[in-house]
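Asks: Chain order of the listed sequences is C and U. Adding 4 to a residue's 1-based position in the first sequence gives its number in the working numbering. Adding 7 to a residue's 1-based position in the second sequence gives its number in the working numbering.
Since the hints were made in silico from the structure, they are not lab data. Possibly wrong hints are sitting among the right ones.
To be verified - Listed next, with one range per pair, are the computed distances between beta-carbon atoms:
{"no.": "1", "chain 1": "U", "residue 1": "107", "chain 2": "C", "residue 2": "44", "range": "24 to 34 Å"}
{"no.": "2", "chain 1": "U", "residue 1": "42", "chain 2": "C", "residue 2": "210", "range": "47 to 57 Å"}
{"no.": "3", "chain 1": "C", "residue 1": "55", "chain 2": "U", "residue 2": "27", "range": "42 to 52 Å"}
{"no.": "4", "chain 1": "U", "residue 1": "102", "chain 2": "C", "residue 2": "183", "range": "33 to 43 Å"}
{"no.": "5", "chain 1": "C", "residue 1": "37", "chain 2": "U", "residue 2": "12", "range": "19 to 29 Å"}
{"no.": "6", "chain 1": "U", "residue 1": "35", "chain 2": "C", "residue 2": "209", "range": "47 to 57 Å"}
{"no.": "7", "chain 1": "C", "residue 1": "178", "chain 2": "U", "residue 2": "49", "range": "33 to 43 Å"}
{"no.": "8", "chain 1": "U", "residue 1": "18", "chain 2": "C", "residue 2": "286", "range": "47 to 57 Å"}
{"no.": "9", "chain 1": "U", "residue 1": "42", "chain 2": "C", "residue 2": "91", "range": "27 to 37 Å"}
Just so you know, these numbers come straight off a predicted model, no measurement behind them. By construction, the Cβ of each residue, glycine as well, lies at the ideal position given by its N, Cα and C atoms.
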Amino acid sequence: MGKRTVIPFGPQHPVLPEPIHLDLAIEDERVVEAIPSLGFVHRGLELLVEKMDFQEMVFVAERICGICSFMHGLGCSLGIEEIMGIEVPERARYLRTIWSELSRIHSHLLWLGLAADAAGFESLFTHSWRVREKILDIAEETTGGRVIFGACKVGGTRRDIDGETLVRVLGRMKDIEADYRSIAAVFRDDYSMRHRFSGVGVMSREEARELGAVGPTARGSGIARDTRELGYAAYGGLDFEPVIEDAGDCYARCMVRVREVHQSFDLIRQAAAKIPGGPVEVKVKGFPEGEYFSRLEQPRGEVIYYIRGNGTKFLDRFRVRTPTFANIGPMVKMLAGCELADVPVIVLSIDPCISCAER
Amino acid sequence: MLLLPIVKMTKTVMKSLLGGSACKMYPLRPPTFFGGTRGPVEIDPSKCVLCGLCAKKCPAGAIAVDREGKTWEIDRLKCIVCSLCADICPKKCLVLRNDYTPPVTGETKDVFRIEPVSKEGHQDQGKSKG
Chain C
5 MGKRTVIPFG
15 PQHPVLPEPI
25 HLDLAIEDER
35 VVEAIPSLGF
45 VHRGLELLVE
55 KMDFQEMVFV
65 AERICGICSF
75 MHGLGCSLGI
85 EEIMGIEVPE
95 RARYLRTIWS
105 ELSRIHSHLL
115 WLGLAADAAG
125 FESLFTHSWR
135 VREKILDIAE
145 ETTGGRVIFG
155 ACKVGGTRRD
165 IDGETLVRVL
175 GRMKDIEADY
185 RSIAAVFRDD
195 YSMRHRFSGV
205 GVMSREEARE
215 LGAVGPTARG
225 SGIARDTREL
235 GYAAYGGLDF
245 EPVIEDAGDC
255 YARCMVRVRE
265 VHQSFDLIRQ
275 AAAKIPGGPV
285 EVKVKGFPEG
295 EYFSRLEQPR
305 GEVIYYIRGN
315 GTKFLDRFRV
325 RTPTFANIGP
335 MVKMLAGCEL
345 ADVPVIVLSI
355 DPCISCAER
Chain U
8 MLLLPIVKMT
18 KTVMKSLLGG
28 SACKMYPLRP
38 PTFFGGTRGP
48 VEIDPSKCVL
58 CGLCAKKCPA
68 GAIAVDREGK
78 TWEIDRLKCI
88 VCSLCADICP
98 KKCLVLRNDY
108 TPPVTGETKD
118 VFRIEPVSKE
128 GHQDQGKSKG
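Build the full structure now, drawing on both the sequences and the hints.
Replies: What follows is the structure in structure tokens.
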């Protein structure tokens, strides 16, 4: 056994442009312990509720994350709607589902690109991001924004997708999916991807359950938990099964994301086929009074919104438990005992979003 | 066994070589925007009645309306391009331009002087940067 050394990882590291710091205690080339520290980009967004109209808070919530922004806005809206007893029109629910799934596709494609990059497969990285760009184009065409959609509001959606645009988008999506299929095949079958990710950062099903892993990190360890099954937005009326893999290593987590993109394409098609006509918003009257936990599935896992209103236009408390925060525990567990060279891949495999975790 | 990956690879390589660029080739080709793309806020000073609703509702507090001085001011760096001001404007004098907000090197505040249309139909409007 070698001498114990502590080396820092982050807050600036090539594999992860976001600031998380890990103290890695290593013996020879093996990590014995990883101690995470956060707090480099804390913005105090949760405290802003005390100065901000509850309807404007949706815009702030959207800016918690730069990838799954739409779902943050949705979580905030869902909580406030539930407190105020607002019945959201059916069409708005379906639109929310479509935009949520678009977010999921572009988030997963971004991650897949980064995963290919971490494995040194640069051309696969550019191909993943090329496809992602087409998804961003669809988002821009339907909402007006590439990443910050600004389409969700308390009581419905701020935009509608007309029938002609929907048909055009679905037509384009067919080509994008065919394009994606050829990329997915490389992730699935290529020797170098398999070699880099297989057997790295293994977490058993029991460990994942005990440590409270969420999202693809949990599903990669064989836990069939997907918050979309709760049926928020229009998910209750759509047919889908949680994607699970049993191996529990980085490759399994990668495969969960690869397969979830296919699932998201399918969900968008289903939602577009079932979308009813009618209004997309209802008028919001009064102020929220009461409290609610809203839960929804983001690309990285389950996010929990706690919202408490006091009957005025300012909320009392606003707390977000983001998926990355829940996955830091499992990540530390995976890091203990791994090779130093595998640390970037393991950190990447939980798809960390530090701006989410810090808020 | 070995032949199949090589055939697949050649196909991808040929597609990448001959398929043209996947990039938008900016600035060689002018950028194209979708109809709904949200860009910087523009005001039509002849329609504005200085009601101040946009300033009150702006989530970022980027708009300032001065009724006495008859000015409408926007801080371009604070603006989050959410289009809420354009949606609620009762006179529909605010529109979001259909392109991306241009980059700036310093804080820019665009100040517009709002002058109501006089009886003779002559109007005095101007924009100054401050």
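Asks: A separate judgement is required for each hint: does it hold in the structure or not?
Replies: Evaluation of the provided hints:
Under the hint 24 to 34 Å, the C-beta atoms of residue 107/U and residue 44/C, about 29 Å apart, fit the expected range. For the pair residue 42/U and residue 210/C, the beta carbons lie near 52 Å from each other, so the given range of 47 to 57 Å is met. For residue 55/C paired with residue 27/U, a C-beta distance near 51 Å keeps the hint of 42 to 52 Å intact. For residue 102/U paired with residue 183/C, a C-beta distance near 36 Å keeps the hint of 33 to 43 Å intact.
Distance hint check for residue 37/C and residue 12/U: the Cβ-Cβ separation is about 41 Å, which falls outside the suggested range of 19 to 29 Å. One distance hint, 47 to 57 Å for the beta-carbon pair residue 35/U and residue 209/C, holds here, with the actual separation near 53 Å. Between residue 178/C and residue 49/U, the C-beta spacing of about 37 Å keeps the proposed range 33 to 43 Å intact. Separation of residue 18/U from residue 286/C is about 52 Å and conforms to the stated range, judged on CB atoms against 47 to 57 Å.
Separation of residue 42/U from residue 91/C is about 31 Å and conforms to the stated range, judged on CB atoms against 27 to 37 Å.
Consistency with the previously given hints fails for number 5 only.
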